[in-house]
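Work the whole structure out from these sequences, hints included.
Going down the list, the protein sequences come from chains A and B.
188 is the number that our numbering gives to position 188 of the first sequence; each next residue is one higher, with no gaps.
101 is the number that our numbering gives to position 101 of the second sequence; each next residue is one higher, with no gaps.
These are calculated hints, taken from the structure and not from any lab test.
Given the structure is predicted, the values throughout are model-derived calculations rather than measurements.
There's no promise every hint is true.
Given that identical chains are not distinguished, each listed pair holds provided it fits within a single copy or across any two copies.
Claimed, not checked - EDC-like cross-link-like pairs, simulated, lysine to aspartate or glutamate; straight-line CA separation at most 20 Å:
id, residue 1, residue 2
1, Lys46, Asp133
2, Lys46, Glu201
3, Lys306, Glu253
4, Lys306, Glu158
5, Lys190, Asp162
2 protein chains.
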Amino acid sequence: MPTLEDIRKAAQELEGRIHRTPVLTSSALDERFGAELVLKAELFQKTGSFKVRGLLTKLLRLSPEERTRGVITVSAGNAAGALAWAARNAGVPATVVMAKTAVPAKVDAARGYGATVELVEGDLMAQYEQIRDGRQLTGVHPFDDEDVITGHGSLGLELLADRPDLDTVLVPVGGGGLISGVATAVKLLKPEIRVIGIEPEQADVVSRSLAAGSPQKLPSARSIADGLAAPVCGTRNLPLIQQYVDEVVRVSEAALLEATRLVMSRTKLALEPAAAAPFAAMLEGSVQAAGVTAAVVSGGNLDVSKLLL
Amino acid sequence: MPTLEDIRKAAQELEGRIHRTPVLTSSALDERFGAELVLKAELFQKTGSFKVRGLLTKLLRLSPEERTRGVITVSAGNAAGALAWAARNAGVPATVVMAKTAVPAKVDAARGYGATVELVEGDLMAQYEQIRDGRQLTGVHPFDDEDVITGHGSLGLELLADRPDLDTVLVPVGGGGLISGVATAVKLLKPEIRVIGIEPEQADVVSRSLAAGSPQKLPSARSIADGLAAPVCGTRNLPLIQQYVDEVVRVSEAALLEATRLVMSRTKLALEPAAAAPFAAMLEGSVQAAGVTAAVVSGGNLDVSKLLL
Numbered sequence: 001m002p003t004l005e006d007i008r009k010a011a012q013e014l015e016g017r018i019h020r021t022p023v024l025t026s027s028a029l030d031e032r033f034g035a036e037l038v039l040k041a042e043l044f045q046k047t048g049s050f051k052v053r054g055l056l057t058k059l060l061r062l063s064p065e066e067r068t069r070g071v072i073t074v075s076a077g078n079a080a081g082a083l084a085w086a087a088r089n090a091g092v093p094a095t096v097v098m099a100k101t102a103v104p105a106k107v108d109a110a111r112g113y114g115a116t117v118e119l120v121e122g123d124l125m126a127q128y129e130q131i132r133d134g135r136q137l138t139g140v141h142p143f144d145d146e147d148v149i150t151g152h153g154s155l156g157l158e159l160l161a162d163r164p165d166l167d168t169v170l171v172p173v174g175g176g177g178l179i180s181g182v183a184t185a186v187k188l189l190k191p192e193i194r195v196i197g198i199e200p201e202q203a204d205v206v207s208r209s210l211a212a213g214s215p216q217k218l219p220s221a222r223s224i225a226d227g228l229a230a231p232v233c234g235t236r237n238l239p240l241i242q243q244y245v246d247e248v249v250r251v252s253e254a255a256l257l258e259a260t261r262l263v264m265s266r267t268k269l270a271l272e273p274a275a276a277a278p279f280a281a282m283l284e285g286s287v288q289a290a291g292v293t294a295a296v297v298s299g300g301n302l303d304v305s306k307l308l309l
Numbered sequence: 001m002p003t004l005e006d007i008r009k010a011a012q013e014l015e016g017r018i019h020r021t022p023v024l025t026s027s028a029l030d031e032r033f034g035a036e037l038v039l040k041a042e043l044f045q046k047t048g049s050f051k052v053r054g055l056l057t058k059l060l061r062l063s064p065e066e067r068t069r070g071v072i073t074v075s076a077g078n079a080a081g082a083l084a085w086a087a088r089n090a091g092v093p094a095t096v097v098m099a100k101t102a103v104p105a106k107v108d109a110a111r112g113y114g115a116t117v118e119l120v121e122g123d124l125m126a127q128y129e130q131i132r133d134g135r136q137l138t139g140v141h142p143f144d145d146e147d148v149i150t151g152h153g154s155l156g157l158e159l160l161a162d163r164p165d166l167d168t169v170l171v172p173v174g175g176g177g178l179i180s181g182v183a184t185a186v187k188l189l190k191p192e193i194r195v196i197g198i199e200p201e202q203a204d205v206v207s208r209s210l211a212a213g214s215p216q217k218l219p220s221a222r223s224i225a226d227g228l229a230a231p232v233c234g235t236r237n238l239p240l241i242q243q244y245v246d247e248v249v250r251v252s253e254a255a256l257l258e259a260t261r262l263v264m265s266r267t268k269l270a271l272e273p274a275a276a277a278p279f280a281a282m283l284e285g286s287v288q289a290a291g292v293t294a295a296v297v298s299g300g301n302l303d304v305s306k307l308l309l
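Rendered as structure tokens:
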């Protein structure tokens with residue numbers, strides 16, 4: 001399990017390579033939700049999502065031999081561009097396995113950063129493993145990896161450095177990568193802060209894994225919050241979530257859509273639905289904001305081809 | 001015609017009442033357009049557009065009697081919320097005349113700030129005048145007004161204070177309000193800076209007025225950039241545009257749509273199509289960015305009900 005020292009070291013390695021994203025406030029949202037909200041604007045991160053934190057941390061720690069052979073990952077979307085960007089930043093060749101149904105803008109982003117993209121149908125993980133072994137590439141799991149988790153923890157350090165007065169942190173949940181890192185950092189620094197995860201009802205693998213006490217797998221996971229539609233919960237993430245996360249709640253597709261529109265209209269941030277999950281939970285009342293509440297606005301990789309049709 | 005002193009006085013009156021919006025940069029857009037771009041992020045302004053600058057300036061200069069009777073304006077959209085907000089800020093009752101086809105979010109915004117909204121069909125200006133005279137309200141024209149123009153000039157002062165190295169300023173054009181103020185401020189401070197206006201082909205009343213040498217009127221003006229769809233060019237705006245603006249170019253609807261999506265995907269700013277006009281012109285090649293080029297991202301009042309359908 002990552003220590004505070006591990007996370008601080010990762011944050012130092014990332015410094016100057018990625019953005020230190022701002023925390024923003026919105027009086028309109030504060031009024032709407034009756035709390036003092038702090039938006040961690042991670043949509044302004046390199047590649048438009050938090051994922052570069054963990055992935056670049058991972059790549060910077062590879063052996064020279066692994067770097068030469070190259071890396072491969074599998075992604076619902078955001079991790080594709082993030083791995084491609086991080087690989088270019090670290091000087092490592094990258095291959096990305098994506099579903100044929102992935103948002104075209106996310107496929108283009110990965111290719112734009114110089115990655116080889118393999119679009120596949122069916123069981124993503126099985127095909128990822130096949131390509132990885134066939135080409136002798138080093139697999140980089142987008143969330144079930146200790147270095148990735150450690151790198152994501154850097155977001156928690158920044159949040160507490162900027163707002164030491166936080167009472168609650170709300171984190172969108174897919175396979176558990178972001179929240180396991182952020183919760184570890186936050187709780188090791190200040191255990192009295194509440195950390196709450198939010199995942200789509202239609203992609204609730206972490207809630208199911210917590211209930212079962214072991215990592216579960218969904219036959220399928222689809223959500224308007226495509227960045228959260230992970231069908232599996234990470235084996236390295238679940239113990240950290242069990243230890244450090246106070247609660248994981250589910251939100252409906254309707255609330256995700258309403259929250260995306262609400263936050264965009266009030267803040268003028270072009271956030272993606274995954275990033276609106278904390279607000280969706282407040283809309284539905286499954287999370288009661290109280291005191292100073294941080295919402296991690298995790299990404300902004302909207303499919304803009306659907307905008308203004 | 002406003003002097004630099006007039007504009008500086010307006011800027012002082014506005015200070016603390018409205019936001020000093022940031023200037024942002026984007027390496028992705030710089031690469032795309034081959035220039036050093038500076039985005040004046042006026043979408044983060046109060047009510048989500050630049051309009052509060054001029055309208056609040058106007059209201060702060062009313063006589064006590066005019067303040068008591070109240071004000072009225074007519075608006076394609078953004079000015080409605082802006083007048084309502086400014087009136088509340090200045091403590092003046094406000095009525096807004098809007099087309100029945102106005103974006104619902106913009107109607108709601110005006111009502112939310114406490115204004116009386118009159119939704120009308122047909123000739124907006126005629127009905128505005130009728131209501132104004134019938135209720136003895138003080139008409140506040142959204143752009144054809146010297147105080148409004150002077151207030152908009154404050155944006156030009158901020159731009160040059162933040163980026164004294166500017167070579168070019170690109171400004172979206174509707175009826176000529178914003179550009180007449182900004183161009184006056186910019187040229188009085190630094191005449192060598194190029195100021196270029198951009199308006200929709202389908203709402204090109206300023207281009208036509210420049211060609212004719214007098215303010216023209218369009219039978220109708222509709223554009224995806226609803227904030228620019230003014231059917232008239234202001235009589236007080238045209239002389240300033242003639243004197244201070246180097247060129248006004250037209251952009252297609254397709255370019256406005258493409259530019260909106262491009263800028264949103266690269267910057268994660270939820271800009272409205274009107275605000276994307278400078279980028280549309282660069283996409284079509286009617287404006288060649290060169291050196292340090294400012295684009296006024298004039299507003300972010302997107303119809304979010306059309307998002308992610």
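For each hint, the structure was consulted:
no.: 1; hint: Lys46 <-> Asp133; verdict: neither (29 Å within a copy, 55 Å between copies)
no.: 2; hint: Lys46 <-> Glu201; verdict: neither (29 Å within a copy, 35 Å between copies)
no.: 3; hint: Lys306 <-> Glu253; verdict: both (17 Å within a copy, 16 Å between copies)
no.: 4; hint: Lys306 <-> Glu158; verdict: neither (33 Å within a copy, 35 Å between copies)
no.: 5; hint: Lys190 <-> Asp162; verdict: within (14 Å within a copy, 39 Å between copies)
Checked against the numbered hints above, the structure violates hints 1, 2, 4; every other hint is satisfied.
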